[in-house]
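Chain order of the listed sequences is A and B. Under the working numbering, the residues of the first sequence are numbered 303 to 852, in order. Under the working numbering, the residues of the second sequence are numbered 303 to 852, in order.
The set of hints was computed from the structure by calculation and includes no laboratory data. No incorrect hints appear here.
In silico EDC-like pairs for lysine to aspartate or glutamate, Cα to Cα no more than 20 Å straight-line:
#1 462(A) x 353(B)
#2 391(B) x 464(A)
#3 702(A) x 668(B)
#4 395(A) x 794(B)
#5 599(B) x 654(B)
#6 391(B) x 475(A)
Keep in mind it's a predicted model, so treat the numbers as computed, not measured.
2 protein chains.
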Amino acid sequence: MKITVAQLNYHIGNFDLNKNLIINAVRRARGEKSDLVIFSELCICGYPPLDLLDRYDFIEKCSQAVREIADECIGITAIVGAPVINPNKEGKKLFNSAIAISEGKIVFSANKSLLPTYDIFDEYRYFEPERKFGIFNLKGMRIALTVCEDLWDEQPFDNKFEKSRLYTISPMEELKGQKPDLIVNIAASPFSYTKTETKENIFRNKALKYRVPVISVNQTGANTELIFDGASVIVKPDGEIFRKLPFFEEEIVTFDTNSILSPAGSEKHVNPDPVSLIHKGLVTGIRDYFNKSGLRKAIVGLSGGIDSAVCLCLAAEALGNENVRSLLMPSRYSSEHSVKDAVDLAERLKTEYDIISIEKPFRAFEEDLALLFTGRNPDVTEENIQARIRATLLMAVSNKFGCILLNTSNKSEAAVGYGTLYGDMAGGLSVIGDVYKTDVYKLAAHINRSGEIIPENIITKQPSAELRPDQLDSDSLPEYSILDDILYQYIELQKPPAQIIEDGADASTVDRVIRMINFNEYKRYQAPPVLRISSKSFGAGRRMPLVARY
Amino acid sequence: MKITVAQLNYHIGNFDLNKNLIINAVRRARGEKSDLVIFSELCICGYPPLDLLDRYDFIEKCSQAVREIADECIGITAIVGAPVINPNKEGKKLFNSAIAISEGKIVFSANKSLLPTYDIFDEYRYFEPERKFGIFNLKGMRIALTVCEDLWDEQPFDNKFEKSRLYTISPMEELKGQKPDLIVNIAASPFSYTKTETKENIFRNKALKYRVPVISVNQTGANTELIFDGASVIVKPDGEIFRKLPFFEEEIVTFDTNSILSPAGSEKHVNPDPVSLIHKGLVTGIRDYFNKSGLRKAIVGLSGGIDSAVCLCLAAEALGNENVRSLLMPSRYSSEHSVKDAVDLAERLKTEYDIISIEKPFRAFEEDLALLFTGRNPDVTEENIQARIRATLLMAVSNKFGCILLNTSNKSEAAVGYGTLYGDMAGGLSVIGDVYKTDVYKLAAHINRSGEIIPENIITKQPSAELRPDQLDSDSLPEYSILDDILYQYIELQKPPAQIIEDGADASTVDRVIRMINFNEYKRYQAPPVLRISSKSFGAGRRMPLVARY
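If we strip away everything but chain A, and leave its shape as in the complex, we get (with noise of 0.2 Å):
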């Protein structure tokens, strides 16, 4: 039997798109004699479709859509992610479903069961978890067709608090009575850098086990904050890799079934190293969002610091250097070099840029509060006045030429709350909001890999914010290497503060970074949505109370 699998970019709520994609590849796989072609969770209406799943309106067009698709499936069998009406009278009114349709019918389907309604998933708000299994019998073949995280019924965990099992059911321990000749699994997993070997053998330890073949299918692009890593994988049943698809790209690849079942054609795999693909993933990122807000122009704050420089070559490759722009905003406290290295930077990349200064609205400012504020001594209200008119001036030209400002603001920062509401972390995305300060400086090595692109001082000079005369980062913060390593333990690992000092970090350190966490919870509420690299990112992954004592 000859299998196609699509691992492709889908947008939410584009029907129309998702429907042509789709179309495209079934009529490709026909042309190639495919027997069936395999496509992602929900690859209908994009994910995640959230409380769009609410509206009857929107489910209506999932089902038209799949109609469609149905028709176009002629002599060929495909297998879409689609969510479809609970028909019982109890429990949600959804499941998420993959659905088998062939010659304009749905010949099959299966109800996801196990439902991931942690970290940045939802499911169960929608969703019905399915308790009845059945084998896809197809030309003979016994498909154990299963969606996600059904095969994720044991998962390691990040910290002794976090359980192995989070379901009391196995779709696969339930189907294995059927005597399933393949697994398929579509899926719409996205990118975490400390994941990526978990992914693989998720679907190689399930092939060993069951002995039989696993295909996954995930999804590739990004939708908002969440990046598609692709790399569907297809595992013989020996546990060894028979292909896996490339990583945040598009990809149609079709074969014979007899391959995978044949001992020999295992493929030699090395995954890419963690930095590259963090740097692939934040241009996909990027590059989605603007794509799929249907807009083109970015423009960056550049100050000089190694943050705003990273994001503008992330910027430029993913929407070309024509597309983005910089403002450079010097105040009296700027030094000369952060002028100059970020012109020489903006130059490089040949993107264009502006330069204002920050001094007269800052003077007009200071002179409408002077009345006010007698007798009380500068402090940090000065200083977010010069954050926020930046923000101003950067949402002025943001307006008034369309583009989108992106937020430069690293993770360190933001857990820590060293940066101003509506200043410095204004912005419609942020690009490095999930990549602590210490990784910034790895992925600028790596934008650096094959020249210099970032001049070298932006990558050596000492952190700034450059808001009061001679001010550094480190006047106000541990340093990054400390900073980081205890908020990796908290933030990620999720390990009790007593346990990060035991496990060697300083106890009064470790007490004023995570007050500082706790305490900057509301900043973060309001903070752009941040594109996620990591296991844990600020945002809709991670929901602390903000008038919580802890």
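The hints should help you fit chain B onto chain A, whose structure is shown.
Chain B only, in chain A's frame:
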């Protein structure tokens, strides 16, 4: 048997405060010779603790608090709500439990079975649903102990796409065979002005169906956006109300179960009208946001319009007039009456105010941008600059004097994106972001119910943003009565657009309004938390993809 109901105001993560509240009520109940004192859902840690539940250190503190309270329960039993670790190898790591404690020990516990995972609720994110059900036997009384949603196995729904049975289990149907004498329900049920009757009826119907009394114990007070309305209710076996506790206030009452069972003694009971509940709810929301953040002072940008006027009144009521200040920031486009009306209100409320013209910074920005904007006409850019100057001034005063900026946008504006990000959309808390403009007028009338506080001219003038000459809201938006009607049908009732048109709204207006709603998701993503008073508020209860095409 004597039972005490404790309707109290908890603070998330503030274990000392919650523990003391509970222990004081236990002592008081014991003083009143009560056998049982009942607290509300997750009272140990406050509701909703959100992802703090993922932290082992947080759960340990919950257990510790339960132990300390148990030690105080000498000669009395208490029922408290707390997260407890699921001891099973499979499933989510926690249960949401009602724990009966006495003489230093846990004597019974019932875990929540129906886990609301919709709107603002995320309980399946953390908790395993219980599938076994037992009766708590206390001094011969057989108590069916349930947690909130456990009694909501059937619920009314707002549109035809919803189902009345979201769950496949009914805890009371499981328990009825064990012949309970009494149903106890501990809850953390937030206010919605459309649901007061619904909630009451849930309890009345269960009492009637199982012919036993129902004691429901809700909490009060607010945690960020969620305002718990209290209104705990004790229902007789015939479905009549024996006692209803007040809305939005703490109260502890003790009564004898015999008096609930006696045919006489139902309470004549009328719920307050929705506008007065909304008013009291918002005041509670503001007060607790400040109290629980450890802050006292608020600042409001006062425009002379009705939105900021209502917000100032609510803030003054919540925090005391001495703790609320306002800033009037006229521009070249401000009408004369704007400043006069605003001053008039501030003086009537005896609140401090300052007047700062935005002309100087506005001119500074115009000059800074003149070269870049050469040959381009004024547009929304210049309007946004004015709004952002005001936010910068408000935040400067907020920073310098330690106030929280209250946001004064209403729900109609937020829905259609009629506001400036980092401008009038700024603030720590949105006071009326869940109140449609037409309801803001009702609130104003309610505030003026015993005499004019808000000057009549503020109420009767045509709404205007005053960001360009002679601007009126009605230049850009449909009349608010028409707009709000469409918004309510689309947002609260989730009606398909075709249905809204069929039900009488103008087709092109519906199209335009829905396009505005969908287009502006990106703005609302960065809006402050909104005090929730409806069944569908912007914020955590409504999760929409940003780059969707829909």
